[in-house]
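Using the sequences provided together with the hints, build the complete structure.
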Amino acid sequence: MTDRLKIARQFIEAIPHSRDLGMTLTDMEDGVAVITMPYDERLIGDPETGVISGGAVSAVMDTCCGAAVMSHPANMGGTATIDLRIDYMRAATPGQTITARAVCYHVTRSVAFVRATATDDDADNPVATATGAFTVEGK
Amino acid sequence: MKRPEPVQIVKQRRDVALRALVSGVPYIQYLGMKFDRRGDELTGVLPFDEKLIGNPLLPALHGGVTAAFLEVTAMITLSWSYLWEDIENGNLDFDPVEGMRLPRLPKTVDFSVDYLRSGLPRDAYARAHVNRSGRRYASVHVEGWQDKRTKLFAQATGHFVMPQRR
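Chains A and B, in that order, give the protein sequences.
If you're matching positions, the first sequence starts at 1 in the working numbering and goes up one per residue.
If you're matching positions, the second sequence starts at 1 in the working numbering and goes up one per residue.
Derived from the structure by calculation, the hints contain no laboratory data.
Built from N, CA and C at the ideal position, the CB exists for glycine as well.
There's no promise every hint is true.
[What the hints assert, rightly or not] Computed footprint of chain B on chain A, listed as stretches where at least three residues anywhere in the stretch have a Cβ under 8 Å from a Cβ of chain B:
hint, stretch
1, 13-22
2, 39-49
3, 79-85
This is the structure we're talking about:
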């Protein structure tokens, strides 16, 4: 593991909410970040089926988008969400880990634009997608 | 004219319905969310907890927590408004001990959050407004605040697919 990834991983794992949900940063480089979140019964939004709540998917998407912004070479410091839109395509399969992959595809002096996809074991069939705008900290 | 029902009966029926809607969802319990009810008006309440922090340096609420809090408030308020007539008319199976068997919650299609300022490490409140609720789809707007009602920290709009009646 690179030092950069190790530091970034420690940073993500120091976020109380991300740590509480067991989020792990598995990849982060030049504006791309990948974060996994294991299935957890506390996250169930539909007790009849055991499907996790959309809110939990939002949490991993937001964390992953933020990590992508922070890994972009044009962004010097931290970041905050300006706006985030999530589209829910299907229910996540109960028992499966959610993997979010975010790409920071454009950065201006003040704003970073990000797209993200969340999948479960069926990686070709996204559970949700997100688009967002994030702040860029000054140089 | 029919005599109005005793106030305790009306309140109890509403509270049992609200409890049935909220307490069965593990994620709402995990966030520690509660709902205040005044007549048919609901306010989502998110008491502060350390595990909800997203930026330990500021500190600030996690953006995902803010999104989840607003989404749950929107979804419960939508469900509540859709069930209201049936609750009032006593059309739902009602048992003070067993509670109520309610229809499924609406499904989120999309949810768009506008982050206006960072969420402070204290309690948050949210109220949703159903823009339109049709037979199949609904549009809901929701506002979140902390200390001051007019000083929102986030707002959101979402679209939902309505559950089919069972």
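Now the hints, each set against the structure:
no.	hint	in the structure
1	13-22	holds (count 6)
2	39-49	holds (count 8)
3	79-85	holds (count 6)
The earlier numbered hints are all upheld by this structure, with none contradicted.
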